[in-house]
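**Q** Each chain, written out:
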Amino acid sequence: MSFFKKLKDKFVNNEETEQVSDKYKDGLTKTRSSFSSKINDLVAKYRKVDEDFFEDLEEILISADVGVSTVMDLIDELKLEVKRQNIKETTQVKEVISEKLVEIYYGDDDEAVEELNLQKDQLSVILFVGVNGVGKTTTIGKLAYKLKEEGKKVVLAAGDTFRAGAIEQLEVWGERAGVDVIKHSAGSDPAAVIFDGIKAAQSRKADVLLCDTAGRLQNKVNLMNELTKVKRVIEKEIPGAPHEVLLVLDATTGQNAMSQAKTFSAATDVSGIVLTKLDGTAKGGIVLAIRNELEIPVKFVGLGEKITDLQSFDAQAFVFGLFADMLEDDDQPAK
Amino acid sequence: MAFEGLADRLQSTIQKIKGKGKVTEQDVKEMTREVRLALLEADVNFKVVKDFIKRIKERAIDQEVMESLTPGQQVIKVVKEELTTLMGGEQSKIAVADRSPTVIMMVGLQGAGKTTTTGKLANLLRKKFNRSPLLVAADVYRPAAINQLQTLGKQLDMPVFSLGTEANPVDIANQAIEQAKNNHNDYVIIDTAGRLHVDNDLMAELQQIKADVKPDEIFLVVDAMTGQDAVNVAESFNEQLDITGVVLTKLDGDTRGGAALSIKAVTDKPIKFAGMGEKLDELEAFHPERMASRILGMGDVLSLIEKAQDNVDEKKAKELEEKMRSASFTFDDFLDQMAQVRSMGPMEDLLGMLPGANKMKGLKNVQFDEKQISHVEAIIQSMTKKERQDPNLMNASRKKRIAKGSGRSVSEVNRLLKQFEEMKKMMKQMTNMQKGKKGKKGKGMNFPFM
Ligand SMILES: Nc1nc2c(ncn2[C@@H]2O[C@H](COP(=O)(O)OP(=O)(O)O)[C@@H](O)[C@H]2O)c(=O)[nH]1
Ligand SMILES: [Mg+2]
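Chains as they are written, first to last, in the UniProt record's numbering: chain A, 1 to 335; chain B, 1 to 450.
I should point out that these hints are in silico values taken from the structure, not numbers from a laboratory. On a predicted model such as this, the values are computed, not experimentally measured, just so you know. Backbone N, C-alpha and C define an ideal beta-carbon position, used for all residues, glycine too. Please note: incorrect hints may appear among the correct ones.
[Unchecked claim] If you anchor each label on the Cβ, the simulated ranges turn out as follows: (1) A/ASP76 <-> B/ALA97: 51 to 61 Å; (2) A/THR228 <-> B/LYS93: 39 to 49 Å; (3) B/ALA97 <-> A/LEU118: 42 to 52 Å.
[As the list claims (entries may be wrong)] Below are the BS3-like pairs computed for lysine-lysine, each with C-alpha atoms no more than 25 Å apart in a straight line: (4) A/LYS88 <-> A/LYS48; (5) B/LYS47 <-> B/LYS22; (6) B/LYS50 <-> A/LYS48; (7) B/LYS425 <-> B/LYS385; (8) B/LYS418 <-> B/LYS399; (9) B/LYS371 <-> A/LYS229; (10) B/LYS47 <-> B/LYS57; (11) B/LYS371 <-> B/LYS424; (12) B/LYS424 <-> B/LYS399; (13) A/LYS100 <-> A/LYS79; (14) B/LYS77 <-> B/LYS29; (15) B/LYS50 <-> A/LYS79; (16) B/LYS371 <-> B/LYS404; (17) B/LYS77 <-> B/LYS54; (18) A/LYS120 <-> A/LYS236; (19) B/LYS47 <-> A/LYS48; (20) B/LYS29 <-> A/LYS79; (21) A/LYS229 <-> B/LYS50; (22) B/LYS371 <-> A/LYS262; (23) A/LYS120 <-> A/LYS152; (24) B/LYS400 <-> B/LYS385; (25) B/LYS20 <-> B/LYS47; (26) A/LYS79 <-> B/LYS418.
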């Protein structure tokens, strides 16, 4: 079965997944339409798969922030594939492109890596890290709501004691989601807040503790050391914790996201990524490279500022979202 | 430090062509290919890169250049000129309205740093221009955004205008102007909520505020780490609001900062300020031409001098310059200087401004953190007076004693001694270099470690 057909079967003939992919399609409308219409334009523009075609394709991928070296590798592979399958028509190459994108993303891994690692009978601790303004606090609010909807008892720890108004911001999200927030006063030691958060979550028999931290640029050694210390406090209190360290990345960020992923991983052993602000026009293509090079999977995507605007990541749905226009076009060639 | 990665790549590309007595078309092609990669890796928008490369090629593959006596140098000159054009020319000033108050609107995407920048800008206006700004909390959407601005207002001891989260941002802005007039605030800075450039409703709200308050400046606040999307964002905000300038934030990170070039290219609006840290005094005027020379490895000596002049005791500095030239700089001087240098800002930033410093072995990737600096202080304080004057006295038992006295390890002591020697060498080199260049004792070079 062709790859497109497989994708389509997965999302079109299945009610449950259709809902998921609809959300993706809504949230990603701008992203998707700009990206896939570009590819469609490209396909329409070129009859033959030639050097010019690949050059234009390269630019489309670069403009999605995939990163120039990843793009060049991808183009090389595409060229090989086109030769191998003896593809001459540009319409056929669309399929190979999306297939390669998913392939780059997954590598040899199975797809279960997207799931959140939650403990069955004990407290799960999730630590959020990232640079300033990427959406850590907002994501915590959204995830708290999501987990609570799934029937879990959730507690938040206000570990950003630095930025003005950060504690109050988390409190508002706590109220919105209907979960408790453990806090100290502004300027206090973040490790101490997290410590108290663990104690409180344990005594309240919570299932999940979500820990906020202050945003920090990854080249600030002191601040990164502080983060390592916070993580160590968690490790000491609960062996095996934190069960997830989620790095929040802003989809608008360019190649610096790779440096963020590397440095935050070195400091806190990041286990997953939340890619926020995909409701804008940025495409966050750098996660392909990050996944490829550092093997850190994206676990969630942020598609807006509402409490419900958090979706589990599914690379196939993601690519489906990008290529949905084409799939539909394929069905109705007359249109 | 921002731009560093781009600087490294461009400089090594340039080195290759610099000394060439004969430059072929192939050489230029190869160079432009590398420049293209360097710019793309730095997040400069691909369209901007394409135009840039085209212009360089046209100008470089030109008979006059190719046949000149120093074609390599000529090609570099072309790159330099084009890069400076791309970054924008002169540094531009902040507006002053004929009739007080001057109104500034801060706009941009979510999380770009508008609120913090509002506080920093107010601080700068008061400190440098003796103004008394009113801050306006017009972000009624993001939870605790008002609270954040109020906290900054408290830290700065400055008034913040707010009508809570239920009021309409347009009303807030209008009423704020009235209050500013009544209370004689000569600047009004309106902090608006972050929004997507494609969010039509919220963009219309900004247009309404603009129509009502007729701002003298509309600053688009952009995260320096922004990727290819920077052009869409900047173009769209500019089309809808006709912005007057850009503030780049988070330039204290390690981003290659290509967004700066993209934005300038698509909007042709000046980058006026750069955010260099989270503290309220960490906003700096942006000097495009200095930044361009920094990227090309010519250093940003001017900024360094300004920093030094802001922070340093002139007379003492002159004494030191002499000491350094004659290499009689001691650990005591070092200790003394460290205090002064620390008041100038992070060491990495200062080093980034030195011509060629990022190529200097041993200085590359040196991380300075506060703890380390206090360790260094402890080590020096554990030295005897004689040892501080003459590091050559140092032997194994002295080092051991110093290590013990300072609570550090012998290898740390060794490392400091080595760094000290390297630093001395560098200083000597720098002072002489500068001397040669200017032909006389450069007055501007009176800063502590030169
Ligand atoms: N459009 C959009 N905005 C978001 C998203 N996630 C967060 N934001 C906004 O980004 C800004 C910064 O978020 P915040 O949670 O304070 O970031 P933090 O500094 O990392 O905690 C806020 O204005 C949020 O409303 C998203 O998925 N889409
Ligand atoms: Mg936060």
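**Q** Evaluate each hint against the coordinates.
**A** Okay, the hints, checked on the actual structure:
The supplied range of 51 to 61 Å is met by A/ASP76 and B/ALA97, whose beta-carbon atoms lie about 57 Å from each other. Between A/THR228 and B/LYS93 the beta carbons are some 44 Å apart, a value that agrees with the proposed interval 39 to 49 Å. A C-beta distance of roughly 57 Å is found between B/ALA97 and A/LEU118, which places it outside the suggested range of 42 to 52 Å. Taken as a hint, the A/LYS88 and A/LYS48 pair is honoured in the structure, with Cα atoms around 6 Å apart against an allowance of 25 Å.
The suggested pairing of B/LYS47 with B/LYS22 is violated, with an alpha-carbon distance near 31 Å, which exceeds 25 Å. Proposed proximity of B/LYS50 and A/LYS48 is supported: the alpha carbons are some 24 Å apart, at most 25 Å. With a C-alpha separation of about 22 Å, the suggested pairing of B/LYS425 with B/LYS385 holds against the 25 Å cut-off. A C-alpha spacing of about 13 Å is found between B/LYS418 and B/LYS399, which places the hinted pair at or below 25 Å, so the restraint holds.
For the hint linking B/LYS371 to A/LYS229, the alpha-carbon distance of about 15 Å falls within 25 Å, and the restraint holds. Taking the CA atoms of B/LYS47 and B/LYS57, the gap is near 15 Å; set against the 25 Å cutoff, the hint holds. Of the pairs offered as hints, the one joining B/LYS371 and B/LYS424 holds, with about 22 Å between alpha carbons and a cut-off of 25 Å not exceeded. Between B/LYS424 and B/LYS399 the alpha-carbon distance is near 20 Å, which keeps this suggested pair within the 25 Å criterion.
Pair hint A/LYS100 plus A/LYS79 holds up; C-alpha atoms about 11 Å apart against a cutoff of 25 Å. In summary, the hint linking B/LYS77 to B/LYS29 is supported, as the alpha carbons are separated by about 16 Å, within the 25 Å threshold. Pair hint B/LYS50 plus A/LYS79 holds up; C-alpha atoms about 23 Å apart against a cutoff of 25 Å. At roughly 18 Å between alpha-carbon atoms, B/LYS371 and B/LYS404 fall within 25 Å of each other, so this suggested pair holds.
Between B/LYS77 and B/LYS54 the alpha-carbon distance is near 16 Å, which keeps this suggested pair within the 25 Å criterion. Among the hinted pairs, A/LYS120 with A/LYS236 is consistent with the structure: their alpha-carbon atoms are about 20 Å apart, no more than 25 Å. Using a Cα cut-off of 25 Å, the hinted pair B/LYS47 and A/LYS48 holds, with the two alpha carbons roughly 24 Å apart. With a CA separation close to 24 Å, the supplied pair B/LYS29 and A/LYS79 stays within the 25 Å bound.
The suggested pairing of A/LYS229 with B/LYS50 is violated, with an alpha-carbon distance near 45 Å, which exceeds 25 Å. Distance hint between B/LYS371 and A/LYS262 is fulfilled; the C-alpha atoms sit about 23 Å from each other, no more than 25 Å. In summary, the hint linking A/LYS120 to A/LYS152 is supported, as the alpha carbons are separated by about 11 Å, within the 25 Å threshold. At roughly 16 Å between alpha-carbon atoms, B/LYS400 and B/LYS385 fall within 25 Å of each other, so this suggested pair holds.
Straight-line distance between C-alpha atoms of B/LYS20 and B/LYS47 comes to about 30 Å, which puts the hinted pair past the 25 Å bound. Under the criterion of a C-alpha separation no larger than 25 Å, the hint pairing A/LYS79 with B/LYS418 is inconsistent with the structure, at around 53 Å.
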